[in-house]
Amino acid sequence: MRRVAIIGCGQTKHGRRTDINQAEMVSEAVWRAIEDAGIGIEDVEAFAVGNMQGFGGIAHPEMIFSDYIGAFGKPVQRVATGGTVGGSVAQLAYYQVASGMFDVVVAVAWEKHSDSAEPGATTGLLHVAFANLSYMFKKGLDMRSFAIMGLAGAAAGISAYQAAQYMAKSGCRIDHYDMVAAKARRNAAKNKYAHLKWPDCRPEDIAKTEMLIWPMRFGHVCPASDGASAIVLASEDAIQRLKPEKPVAWILGVAAYADEEADQGESYQGTGVLDYSAQIGCILSAKKAYERAKISDPRKEVDMAEIYAPFPHQELMFSEKLGFFDEGTAWKAVEEGITEIDGDFPICPSGGVNATNAIGSSGLQRVLECALQIMKKAENHQVPKDVEVAVAHAWGGQVQFNTVTVLSDKPKR
Amino acid sequence: MALIKEKFKETKRVFGEWNVGAYRWKAPKGYLDEFIKALGEKKILGTLCSGCGRIYVPPREFCSRCFRKIETKTIVSNFGTLLAFLVSPPLTKGKVLIAGIDAVESGWLKEGEEIILGIVNFDGTSSKLVLPVLNVKPTDVFVGMRVRAVFSEEPKGSLSDLIGVEPAEQVKF
Chain A
1 MRRVAIIGCG
11 QTKHGRRTDI
21 NQAEMVSEAV
31 WRAIEDAGIG
41 IEDVEAFAVG
51 NMQGFGGIAH
61 PEMIFSDYIG
71 AFGKPVQRVA
81 TGGTVGGSVA
91 QLAYYQVASG
101 MFDVVVAVAW
111 EKHSDSAEPG
121 ATTGLLHVAF
131 ANLSYMFKKG
141 LDMRSFAIMG
151 LAGAAAGISA
161 YQAAQYMAKS
171 GCRIDHYDMV
181 AAKARRNAAK
191 NKYAHLKWPD
201 CRPEDIAKTE
211 MLIWPMRFGH
221 VCPASDGASA
231 IVLASEDAIQ
241 RLKPEKPVAW
251 ILGVAAYADE
261 EADQGESYQG
271 TGVLDYSAQI
281 GCILSAKKAY
291 ERAKISDPRK
301 EVDMAEIYAP
311 FPHQELMFSE
321 KLGFFDEGTA
331 WKAVEEGITE
341 IDGDFPICPS
351 GGVNATNAIG
361 SSGLQRVLEC
371 ALQIMKKAEN
381 HQVPKDVEVA
391 VAHAWGGQVQ
401 FNTVTVLSDK
411 PKR
Chain B
1 MALIKEKFKE
11 TKRVFGEWNV
21 GAYRWKAPKG
31 YLDEFIKALG
41 EKKILGTLCS
51 GCGRIYVPPR
61 EFCSRCFRKI
71 ETKTIVSNFG
81 TLLAFLVSPP
91 LTKGKVLIAG
101 IDAVESGWLK
111 EGEEIILGIV
121 NFDGTSSKLV
131 LPVLNVKPTD
141 VFVGMRVRAV
151 FSEEPKGSLS
161 DLIGVEPAEQ
171 VKF
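First to last, the sequence lines map onto chains A and B.
Residue 226 in the numbering used here is what sits at position 226 of the first sequence, and the numbering runs on without skipping anything.
Residue 28 in the numbering used here is what sits at position 28 of the second sequence, and the numbering runs on without skipping anything.
Derived list of chain B stretches under chain A, where covered just means 3 residues or more per stretch with a C-beta under 8 Å from a C-beta of chain A: (1) 78-90; (2) 110-123; (3) 156-166.
Selected chain B positions facing chain A (Cβ under 7 Å, derived; list incomplete): (4) Glu10; (5) Thr11; (6) Arg54; (7) Pro58; (8) Ile98; (9) Ser127; (10) Pro132.
Simulated from the structure, these hints should not be mistaken for lab results.
All C-beta atoms in this analysis are idealised placements derived from N, C-alpha and C, irrespective of residue type, glycine included.
If we strip away everything but chain A, and leave its shape as in the complex, we get:
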């Protein structure tokens, strides 16, 4: 496998983007990444693209926007793994360069929620769940049970179960979720591309928001953002040839493992997942990515992480699965301020997915934000400590897909 680095990053302002359409939004991120890399479109050999399938009301958007990103006469490959997709797009581009197939590849992932009246739900989530639901109705599911299921439906619902199970296991309290959410809003206020910005947000401010379903408050929930993220990946040979002026971020190791579908199983046949917060896929992904990156003690050898956490308990849960804290103890690290932007182990200094969630973009944005920290280009949300090794994580599917990407300022040994 060849050594691969990220040589350019581009993202759009995330939020409600009624000023542009999907193709324009994707092109904005791609062109910014190419400009940041200091290369020309003629240097790009292939594109890895992806978003949530069906969201934004266009099932196959790359066929329209590939012109807008300069992909004429070049390979365009799409990957779809639900919420994880951005992480998978980054890894697809990595495979393409590491394998020797291409020298310079652009990875781009995006979401445009505001085009849909109900963000994602109508065209997106229905076509994910409709077959299973139809089958359950056929087997006598009544409307009351369906509505009860809907009280905690879709990703937010599953995350609510997850939050409850994590609390039951770890002994943390809702206050800790308030602390994590407040940190996300504060960090986002420093990031010019973020969506939900709240300078000086305190946990007490989050605690005042409405309880949607105990233990999840309105203040814990991520927004439905529009936005796109893009990175340019290059092989070691290409870097010597292109001679980028700015620092690059090397990819040390990647891994992606699937777990079982955690909720109902295919056609309501059940699943063997007892605990929504067990996340075996994340544990396996982390283990493999660290092995490939030659990391034996992640807490000591990694400097910061961008974790895919649309809901605050997930930052705690995943930071344990990624090996940064012992099982059930991440909330103590939050109490001590270890995960703050200026803490000993910053997590999501960008504000993370809890403050900005353009779903497809979110997974790739984690990789991009880690690269920015390594390149020291994160501007106002640059962490004060030196970042040599960073970990980017993405999560999605029916809570079972995970990707882990390890980045560094130095190439793989």
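Please build the complex by placing chain B on the supplied structure of chain A, with the hints as guidance.
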């Protein structure tokens, strides 16, 4: 350089609807028909994997962990343990919209009721089911609570026969 539209705050809008339309999905043969038949007799049916010993509820036709076909069916206990739970605030009109329909206004859910959703592990199984926790106040529910299945009074062999769980006798030491 990308297209820059500094002149416009709003791009041109076009409205449209996407009807998901009619599909003809094929469901696996599975054991779900037998599962709902058992519910009609106030029993819970699972399947036992001969490879790893996991018991799945609802009954699954293959084991995803050791990837082998499952042929042994077994009736599992009606008793179980609450692994975790959620509590809804008292429901009001306009709060619960499902596919654009107000669940309170349409009478599916009652105004003012607080619904407790439990993650239930029936004894001896390797699966969990999400079921309403009935006949108990939200303040009295706790993780690890012993629960028993509640069936509708006149079960007719459908998914809705299993309406939830309620507290069982709590053994205290």
